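Line order of the protein sequences matches chains B, R, Y and X. Oh and the first sequence: position 300 is 287 in the numbering used here, straight run, nothing missing. Every position in the second sequence, counted from 1, becomes a number in the numbering used here once 776 is added. Every position in the third sequence, counted from 1, becomes a number in the numbering used here once 386 is added. Every position in the fourth sequence, counted from 1, becomes a number in the numbering used here once 1 is added.
To be clear, the hints were calculated from the coordinates, so they are not data collected in a lab. None of the values given here were measured: they were computed from a predicted structure. Be aware that a few hints might be false.
As the list claims (entries may be wrong) - If we take Cβ atoms under 7 angstroms as the criterion, some of the chain R residues that face chain Y in the derived model are:
no. : residue
1   : E831
2   : S938
3   : A966
4   : S970
5   : Q974
6   : R1022
7   : A1039
8   : I1040
9   : P1041
10  : R1044
11  : R1051
12  : S1053
13  : L1056
14  : D1060
15  : G1106
Said to hold, decoys possible - Part of the chain R face toward chain Y, derived, beta carbon under 8 angstroms:
no. : residue
16  : V969
17  : H995
18  : N1026
19  : L1057
Yeah, the Cβ is synthetic: ideal placement off N, Cα and C, and Gly gets one too.
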Amino acid sequence: MLAYIIRRMFQAVAICLVISAMSFFMLFLNTDPALMLLPPEAEVADIAAFKKQMGLDRPVLIQYKDFLGRVVFHGDFGQSFVYKVPAVQLIMERFPATLRLALAAIVFINLVAIPVGVISAVKRGSFVDNIFTFFALMGQAMPLYWLGIMLIIIFGVWLRWLPISGSDSFAHLILPAITLGSWILPVNMRLVRSGMLDVLNKDYIRTARAKGLPEWLVLGKHAFKNAILPLVTVIGMQLGLLLGGAVVTETVFAWPGMGQLVLDSIHMGDYPVVQAVVVVFAVCVVVGNLVADILAALIDPRIRLN
Amino acid sequence: MASKMTDDPMLQVEGLKMHFPIIKGVVRRQVGSVFAVDGVNFHINKGETLGLVGESGCGKTTVGRCLIGLYRSTAGSIIFEGREVINQSRKKMVTLRRRMQMIFQDPYSSLNPRMRVRDIIGEVLKVHGLVEPKNKTQRIAELLDQVGLKSDFAARYPHEFSGGQRQRIGIARALAMEPRILVADEPVSALDVSVQAQVINLLERLKQDLNLSMLMISHDLSVVEHVADRIAVMYLGKIVETGSDRDLYNNPHHPYTHALLEAIPQPRAGGRARRQSRKLLGGDVPSPIDPPRGCYFHPRCPRVEDQCKRDNPPMVEVSPGHVVSCFFPGKK
Amino acid sequence: MMNQKTTEQTLLSIKNLSTYFHTPEGVIRAVEGVNFDILKGACLGVLGESGCGKSVTALSIMQLIPSPPGEISSGSIQFAGKDLLRFSSRQMRSIRGKEISMIFQEPMTSLNPVYTVGNQIGETYRIHEGLDARQAKEKSIEMLSLVGIPSPQKRVDEYPHQLSGGMRQRVMIAMAIGCQPKLLIADEPTTALDVTIQAQILDLMAGLQEEMGMSIMMITHDLGVIAEISDKVVVMYAGQVVEQSSIDELFKHPLHPYSRGLLNSIPKLGDKFVRGKQPLREISGQVPDLINLPSGCLFASRCPKVEKKCLENVPQLIEIAPGHDVRCWLAG
Amino acid sequence: MIKPALSQSFSISSHPSSTIRTLKRLWHLRLGILGSLLILCLVTTALFTPWLAPNDPYTQDITQRLLPPFWMEGSSSDHFLGTDHLGRDLLSRIMYGTRISLVIGLSAVVLQLILGVGLGVLAGYYRGRVDSAISFIVNAMMSFPFILLALTLVSVLGASLQNIIIALGLTGWPVYTRVTRIETIKLNEQEFILAAHSLAYSSWRIITRHVLPNMLPTLLVLSTVEVARSIIRESLLSFLGLGIQPPTPSWGVMLAEGRDYMLMHWWLAAFPGLAIFMAALGINLLGDALRDYTDPHLRKY
């Protein structure tokens, strides 16, 4: 168990490194941030001076080494080219709101997906199952930002039930969380459904019934814990996707997270900020995966004891 | 029958070992090995059937797969038709082993579901250039006929056949390579009882007609004894006893062979009494990852003495061709 | 007609049971008009190949037939004087695991991988006898030692994947006999096990049967296993009972051509040294399609002695000799 | 597909009764047909837009700006779904958008297939270090937000149709790799692959003739769903301003433009989004029907 977790942690760190390297080198593919940041009429000398000032004139590998050293030992991603303040500071001011949104979405997703998936599986082929399946298909076809806009129009503008922007109260969280969650919800619902169907065909379910257990125990104890396993392992992965989705959702709902900042930074090639975002996301993803792995090990003795 | 056999080894296996590494831990290093096959010697003569019998996990399937070249054995030598087939270049190995073919256990997974029968067999002929393209159809019909299938089955897909028929197709595919030795790995254990006899008889007939040698791998001693001229009993990666079918049945010298013979339920009247009178072999087979010291069988052996716990028992020839790996062979 | 005494001794009596499965391809007549009795304290063997309806019969008794598409379409199952088919699902649950228990073929997959052995055995006590967790665990340890598992105090907290196949089957048995059931249904309990382990399990079952006075319904395709454990035997073919007799009678005087064919088609240990080697006698053809059953005798297409009336009329199960029933026009 | 023995089709599972099953079949069939119809509409529109579209998608008319759709007061008979803030015909723009979406969806999937299936087969067939390396990259990429990667790629490469396809292709392949790898490993355990090895077939032959054909159904289903996903992703990139650039009529661009007017003129955002939704739904419905059809486990019921 311990070796398993340690191994997973090593992998996690490696993944962070790979992602940071990817984000770092991708920016060098063909952009020249100096050209992007300076006004078009800037002289060649101005550009050179700017590069020197920002450390952009050195070889790429050296820059990466420096970058890594600064990040790992000082948590320093450098100054934002645009805002002229440390990138980390920019991110950290906004990150908690984004994380809050993503976590709210996870809770919403699984609160809905698990019961719906279980009901669908147990009542397979029934009217309810078909309705749920159809909604899941619709959900998967819906671009989340469009859903956000539609929800704003319907619940914010027409019905005036819920606030459409900001983050002052719990009510503010409802529409963004639903919007963000609706993207992953169908995936998880189908995962629970198929997991449950799979498990219901297993021999040990027959054994449980042959023992004379009431159906709620068969489903609730013997089937559920096994059926939920595949879900647990993907939830960790989904944290990353949700953080990405949150960026988009935030721009629709004017949620004060990192959404707009991230988009603007990418747009303008403000790459200290982009790199900081990428690494913060990677760390979240990796922590999420680790938690999922540990959860899976707790549920499944075959992982825990081998 | 025995006259057809000559004492001319078709296949000679010496000290064959297959150890699968176990990789574990934080840095994924090898922490041990599964000693699946741990020093096995046997030979098969021309026209002879050797039965390899043992319980699950004893390494009998691994032996078969090493022969065929599906696994790269850890150590040992395999001499087939007078030539070493281990440690050869891939190309050479392919030609050397061409005449050693395998029949698989599960007729439901041993045929590619997306290929017609004629392509399954035809592919073999094509890849190895065994017939002129224009004679291919005829050769396929011939092969199907040999295994008792109609030639118009060639256009069908595997799922249109029953288990027994599929096994016949698998045999035809192996025969397409014009083998000298068939390695049959549990060829009937996935089949229904009433169909097993059909396949066993077919294998026997083919062996006669084509003068093949055969290695019959099975957990079922009754089947092995029926088809084999000689039998080798495996336990935990080693052969514990080899001998003629008659010697082994009438005069088993290894306590494991003895227990195996006793444990097999007989389809005869008076079974209850027989069950109640037999001596049981207790315990489970130890793990091949961490085999016991000394004789691998000693934790379950009714004849165990101190020496068995310390040393590896030698191979003792108790009568001509009857070899036992035991310190106290034959003692009941 | 049965006299009063036999009725008293009868534990389970199946009359005219038919179980069908409604599939898109048509209705599968898995079990068709099956009759048999199980006496108190006796072991009835149910013999047949895959698809013959032996498992479906067992699941029908337990009412674990998945429905839809399965459906017990007619018949009655009298257990201790009451018709199980008239029971509500709540009543049935109080029977399952307490009065009638069942163990299955695959001990690997029949235990829930995420709960400890003790949890799964103790569950039976908590449900049927209202014990609390601590008492249930104590009982579980007791049962584990009863079925011959060494150091049960330690094993009780282990998970199924930590046990060997034989151990798991012992756990299944411990789970099944915990509430001292009157009937234990064993569906191919030793098929997935090695012969030496199979012998242990058969002995264990026979021992427990004697000790607890329960009845056993032993379902298997293995003639040897059935010979060793059962008193009476029912031979099933394509959903019907084709022969029913005492165990020794079946081996000495098999009357149905299918039973006879089955007996002749399997290799028997040592036979070739007594009678000289002969090819096995095959049963030609295959089991009929249960969706499109032929008219007349279901075995007619494979029967060596088939006559005109066999193809036209369905034979009934009739008593040819005392205690020996056969479904064949040509018997007797 | 294969029914090994009758006893195996009797596995414990709650099969629906015959009536419900027939209904369910019809239901699935109907959904599949609905999906096919939607896709047919989509493809027809894409192919024949110049002849079908009522107006030119680029013609601006300030006097006709922000007209509502036909059933609302103040609509014009020339503009069925109304006009946008520059007076361009909404319906025509949506119809032209179909072409872009389909081209991008299909091309991105082809790119993903080539990359993903190739790597997946390599990983599953050779295992060992190759597998570890490929799986590691797949895990890293799959747990990292696609949007960030794609956005960065596009911003670096420059926003053009071709670069969007490349960005979607480069970020979308890991799903295929994961599925292909698992399928390959499963197939490798099948005895017919062992048989192929024992018959000394070359690895190339084993992969192309024995492994790949047996996962075609899975890949078909996956690719179908991925076309829908790519269409949605393209629209997202365009919506965020890093995809197709205005004035080209991409659904995402139109949505982004419509968003500014959503409080008063909701249809500007609603209709392009509806177009994306219908396209994706059609493809997903078809994919679902295909899955039910090809999955022998499901087909049994």
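Checked hints:
1. E831: holds, 4 angstroms
2. S938: The hint holds - S938 (chain R) has a Cβ within 7 angstroms of chain Y, the shortest such distance being about 5 angstroms.
3. A966: With a minimum Cβ separation of about 10 angstroms from chain Y (threshold 7 angstroms), the hint on A966 (chain R) is violated.
4. S970: holds, 4 angstroms
5. Q974: holds, 5 angstroms
6. R1022: holds, 6 angstroms
7. A1039: The hint holds - A1039 (chain R) has a Cβ within 7 angstroms of chain Y, the shortest such distance being about 4 angstroms.
8. I1040: holds, 5 angstroms
9. P1041: holds, 3 angstroms
10. R1044: Nearest chain Y Cβ about 6 angstroms off; hint holds.
11. R1051: holds, 4 angstroms
12. S1053: Constraint on S1053 (chain R) not satisfied, violated at 11 angstroms.
13. L1056: Because about 6 angstroms separates L1056 (chain R) from the closest Cβ in chain Y, which is inside the 7 angstroms limit, the hint holds.
14. D1060: With a minimum Cβ separation of about 5 angstroms from chain Y (threshold 7 angstroms), the hint on D1060 (chain R) holds.
15. G1106: With a closest approach of 19 angstroms, the G1106 (chain R) hint is violated.
16. V969: Result: holds, 6 angstroms to nearest chain Y Cβ.
17. H995: Since the shortest Cβ distance to chain Y is 7 angstroms, the answer is holds.
18. N1026: holds, 7 angstroms
19. L1057: holds, 5 angstroms
Going through the hint list in order, the structure does not satisfy hints 3, 12, 15.
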